[in-house]
Amino acid sequence: DAGVTQSPTHLIKTRGQQVTLRCSPKSGHDTVSWYQQALGQGPQFIFQYYEEEERQRGNFPDRFSGHQFPNYSSELNVNALLLGDSALYLCASSLGLAGTDTQYFGPGTRLTVL
Amino acid sequence: KQEVTQIPAALSVPEGENLVLNCSFTDSAIYNLQWFRQDPGKGLTSLLLIQSSQREQTSGRLNASLDKSSGRSTLYIAASQPGDSATYLCAVIGYSGGGADGLTFGKGTHLIIQP
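Taken in order, these protein sequences are the chains called R and U. Note that the numbering used here gives residue 67 to position 67 of the first sequence, counting from 1, and the numbers run on in steps of one. Note that the numbering used here gives residue 88 to position 88 of the second sequence, counting from 1, and the numbers run on in steps of one.
Wrong hints could be hidden among the right ones.
As the list claims (entries may be wrong) - Far from chain R by the CB rule (all over 10 angstroms, computed), these chain U residues: (1) 60; (2) 69; (3) 85.
Unchecked claim - Partner residues aside, some chain U positions facing chain R, computed with beta carbon under 8 angstroms: (4) 31; (5) 34; (6) 42; (7) 46; (8) 49; (9) 105; (10) 107.
It is worth saying that the hints were derived from the structure and are not from the lab. Note that CB positions come from ideal geometry on N, CA and C, so glycine has one too.
Full structure from sequences and hints, please.
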């Protein structure tokens, strides 16, 4: 049973560029959430996708957008990259929107903005 | 706005000791509380999930308690081992008009178990 997978593992971009990160949820899961973790901090919630729609969103600007596909996989897009966007980006999957299910995390994508 | 605080920020103990990690949250309107483990540069591994109606959960040498009314949770680790060295994160899921929110995390407790 495959867990949550993310690609790529590492990414280096320059300021102003755009980036796309990808996530495949754990088998049987239909909800995907994205988190940003700066060095030495706890992860911060970006947004959550269910049934191909954004359902909840944290305090992140519109430069952060996403998509969920019919197979439940998801993408995170960040436009006009800033130095402060450098972080570990984590994807988590769960079942449904009830908030009672364990969230399972992937290994993350390390984004460095120069 | 929900805020989660973890104390202590760092802890170093000799192997074999029992230890307690603390977590507090400001808004008691939560669905559940999860404890995670994170190794350096890696993703998060779920350790225990406590539903809002539960008081505690146990898995092996780990025991987590939840006192929702006072906004507190503790993670108890028995007979610590060097392999337990990691950062331990506490997180809660609250709810808003649209349903369950995302997880709100503390900054973590960095734990070192000395051989």
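Do the hints match the structure? See the list:
no.	hint	verdict
1	60	holds (16 angstroms)
2	69	holds (19 angstroms)
3	85	holds (17 angstroms)
4	31	holds (3 angstroms)
5	34	holds (7 angstroms)
6	42	holds (6 angstroms)
7	46	holds (5 angstroms)
8	49	holds (5 angstroms)
9	105	holds (3 angstroms)
10	107	holds (5 angstroms)
Hint compliance for this structure: no hint is broken.
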